[in-house]
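Q: Each chain, letter by letter, is given below.
2 protein chains.
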Amino acid sequence: MRWITILFLAIVIALTILAALPFASGKADDQASAAPVYGIRIPARYRDWRLISVNHLAGGSLKQVRAQLGNDIAIKAFRDGKLPFPDGTIIAALHWKENSSEANNKVLAIGFPGAGLESFVPESAANVQFMVKDSKKYAATGGWGFADFTNGKPGDEALHKTCFPCHQPAKDRDYVFTRYAPTP
Amino acid sequence: MRWITILFLAIVIALTILAALPFASGKADDQASAAPVYGIRIPARYRDWRLISVNHLAGGSLKQVRAQLGNDIAIKAFRDGKLPFPDGTIIAALHWKENSSEANNKVLAIGFPGAGLESFVPESAANVQFMVKDSKKYAATGGWGFADFTNGKPGDEALHKTCFPCHQPAKDRDYVFTRYAPTP
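Going down the list, the protein sequences come from chains A and B.
Under numbering that gives the first Met the number 0, the first residue of the first sequence is numbered 0, with each subsequent residue one higher.
Under numbering that gives the first Met the number 0, the first residue of the second sequence is numbered 0, with each subsequent residue one higher.
No wet-lab data here; the hints were simulated from the structure.
Glycine is no exception: its CB is placed at the ideal position from the N, C-alpha and C atoms.
Be aware that a few hints might be false.
[Unchecked claim] Covered by chain B, according to a simulated footprint, are these stretches of chain A (three or more residues, beta-carbon under 8 Å):
no., region
1, 60-72
2, 91-103
3, 130-136
4, 165-171
[What the hints assert, rightly or not] Derived Cβ-Cβ restraints for the label pairs, each shown as a range:
no., chain 1, residue 1, chain 2, residue 2, range
5, A, D86, B, G113, 33 to 41 Å
6, A, K96, B, P35, 34 to 42 Å
7, B, P112, A, K75, 34 to 42 Å
8, B, K152, A, E156, 18 to 26 Å
[What the hints assert, rightly or not] So the derived list for chain B, only partly shown, Cβ under 7 Å to chain A, looks like this:
no., residue
9, S32
10, S52
11, P85
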């Protein structure tokens with residue numbers, strides 16, 4: 000029966016290596032993408048989260064279209080109008096460099112003749128930001144941790160130190176600027 | 000054992016009433032909101048669908064921020080880059096009248112001094128539009144049915160007759176203008 004023992008050991012070793020490999024590489028990725036100051040990583044599948052609102056920036060050089068998505072805890076809190084947001088809330092802010100869409104503009108010229116309408120769409124991904132609520136861990140910053148990523152890489156420590164001061168004017172809305180967009 | 004029979008019947012009757020009530024009221028709502036030409040109703044819980052993209056309209060009187068959401072079939076097709084879209088695809092286009100956000104602008108002035116940035120956010124719901132793929136039912140219009148609702152009420156027949164002609168320039172993308180926004 001020695002060959003059975005050897006086969007069994009070989010299978011155990013193979014399975015151990017298989018199980019360890021993705022874990023090790025996953026861990027490495029996580030470590031690579033941890034943002035400074037607050038230690039936040041990009042939440043898995045955040046693009047599947049539900050829509051809170053949209054906005055766009057104009058008037059300057061930073062012309063962007065933006066969307067805010069929320070995890071289940073965030074969406075429930077926004078819909079219930081609940082403040083402060085409960086621990087576990089995560090809000091994702093997706094930012095895209097915008098561009099005028101020729102295809103859309105042609106159609107708008109047909110649909111709304113003479114209106115001079117112009118449609119701006121995402122041209123490329125700019126960055127994504129997260130607000131993570133943990134009232135104990137982030138007690139010093141209103142209960143929120145902040146993170147900013149460009150191409151999956153976190154911004155530096157200096158950048159992350161600007162997050163909370165910028166959000167302080169929204170203290171009466173638990174430091175969150177975004178309001179839930181009404182459902183049309 | 001007669002009381003058991005009576006109890007059983009009472010439970011059956013109670014459950015039947017409970018089951019019928021929401022169905023009846025849901026049906027009434029549905030009938031009220033059926034759009035002309037294509038007979039499409041507002042899909043239940045479409046606001047929970049996942050994000051395809053965002054855009055905004057500028058340069059004319061129709062200043063809007065917009066989001067496109069997709070049901071599961073739509074999201075899979077967009078992510079796979081699959082054309083034509085499979086039957087069952089539904090794309091929702093949510094349109095909001097936009098307004099400049101004073102609160103956001105103050106923060107942008109601090110975060111980006113001198114950049115003159117302005118943030119535009121949803122002020123109020125404008126309308127919502129749906130594209131529903133059914134290659135047999137809507138064979139005459141590229142396999143798509145179209146619907147437009149304002150405050151839950153469908154637009155008129157004349158409006159709905161303009162949908163397909165406007166989408167024809169996007170024939171090579173299965174009549175869909177929206178492209179999937181890259182994940183930042």
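Q: A separate judgement is required for each hint: does it hold in the structure or not?
A: Consistency of the hints with the structure:
Counting residues of the region 60-72 of chain A whose C-beta lies closer than 8 Å to any C-beta of chain B gives 6; at least three are required, and the coverage claim holds. A count of 7 residues in the region 91-103 of chain A with a Cβ less than 8 Å from any Cβ of chain B is obtained; the coverage claim is therefore met, three being the minimum. Here's how the region 130-136 of chain A fares: 0 of its residues keep a CB closer than 8 Å to some CB of chain B, so the rule of at least three is not met and the hint is violated. Counting residues of the region 165-171 of chain A whose CB lies closer than 8 Å to any CB of chain B gives 4, so the stated coverage by that chain holds, three being the minimum.
As the Cβ distance of D86 (chain A) to G113 (chain B) is approximately 38 Å, the hint placing it in 33 to 41 Å holds. For K96 (chain A) and P35 (chain B), the hinted distance range of 34 to 42 Å is satisfied, since their beta carbons lie about 39 Å from each other. For P112 (chain B) and K75 (chain A), the hinted distance range of 34 to 42 Å is satisfied, since their beta carbons lie about 37 Å from each other. For the hinted restraint 18 to 26 Å between K152 (chain B) and E156 (chain A), the CB-CB distance of approximately 52 Å leaves it violated.
Of the supplied interface hints, the one on S32 (chain B) is violated, with its beta-carbon coming no nearer than about 13 Å to a beta-carbon of chain A, more than 7 Å. Given hint, S52 (chain B) at the interface with chain A, holds; its Cβ is 6 Å from that chain's nearest Cβ, closer than 7 Å. Nearest Cβ of chain A to the Cβ of P85 (chain B): about 19 Å, over the 7 Å cut. The hint is violated.
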